[in-house]
Amino acid sequence: MANTFKSNVAANIVTSGNTVYTCPGATQTTLIGLTLSNKSAGTITANVYVRRSSVDYSIISNAPILTGSTLVPIGGEQKVVLQAADELKITTSANSSLDVIASLLEIA
54 MANTFKSNVA ANIVTSGNTV YTCPGATQTT LIGLTLSNKS AGTITANVYV
104 RRSSVDYSII SNAPILTGST LVPIGGEQKV VLQAADELKI TTSANSSLDV
154 IASLLEIA
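94 is the number that this note's numbering gives to position 41 of the sequence shown; each next residue is one higher, with no gaps.
Hints are supplied without guarantee of correctness; some may be wrong.
[Claimed, not checked] No farther apart than 25 Å at their CA atoms in a straight line, the calculated lysine-lysine pairs in the BS3-like style are these:
#1 Lys142 / Lys92
#2 Lys59 / Lys142
#3 Lys92 / Lys59
#4 Lys142 / Lys132
#5 Lys59 / Lys132
In case anyone wonders, no lab produced these hints; they're calculated from the structure.
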């Protein structure tokens, strides 16, 4: 089995479902860190969820992020395991207000 650390980034997240990462086939991925950064002039809310087989599973819902602040919903003791074809999706309450960094460990 090969273990590969990866970092996926996404800028200017919008209000519709943004796919930040899709777990490759024949792979399991451990999401070891997720940082959401508000770059807008006002408070926003963010939603983070995993889509598996067309069903959405919420990690956080309508979490407020103050202007110039960062939210770290995954990191430290919190990890999330993704299976092949799972999608990590993020939305925000205001278009182009959020940047995302996902730190991952792929096991193939």
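Taking the hints in turn, this is what the structure says about them:
Using a Cα cut-off of 25 Å, the hinted pair Lys142 and Lys92 holds, with the two alpha carbons roughly 19 Å apart. Restraint check for Lys59 and Lys142: satisfied, since their Cα atoms lie roughly 17 Å apart, inside the 25 Å limit. The straight-line distance between the Cα atoms of Lys92 and Lys59 is roughly 24 Å, inside the 25 Å bound, and the hint therefore holds. Note on Lys142 and Lys132: the hinted pairing holds, with a Cα-Cα distance of about 16 Å set against a maximum of 25 Å.
In summary, the hint linking Lys59 to Lys132 is supported, as the alpha carbons are separated by about 15 Å, within the 25 Å threshold.
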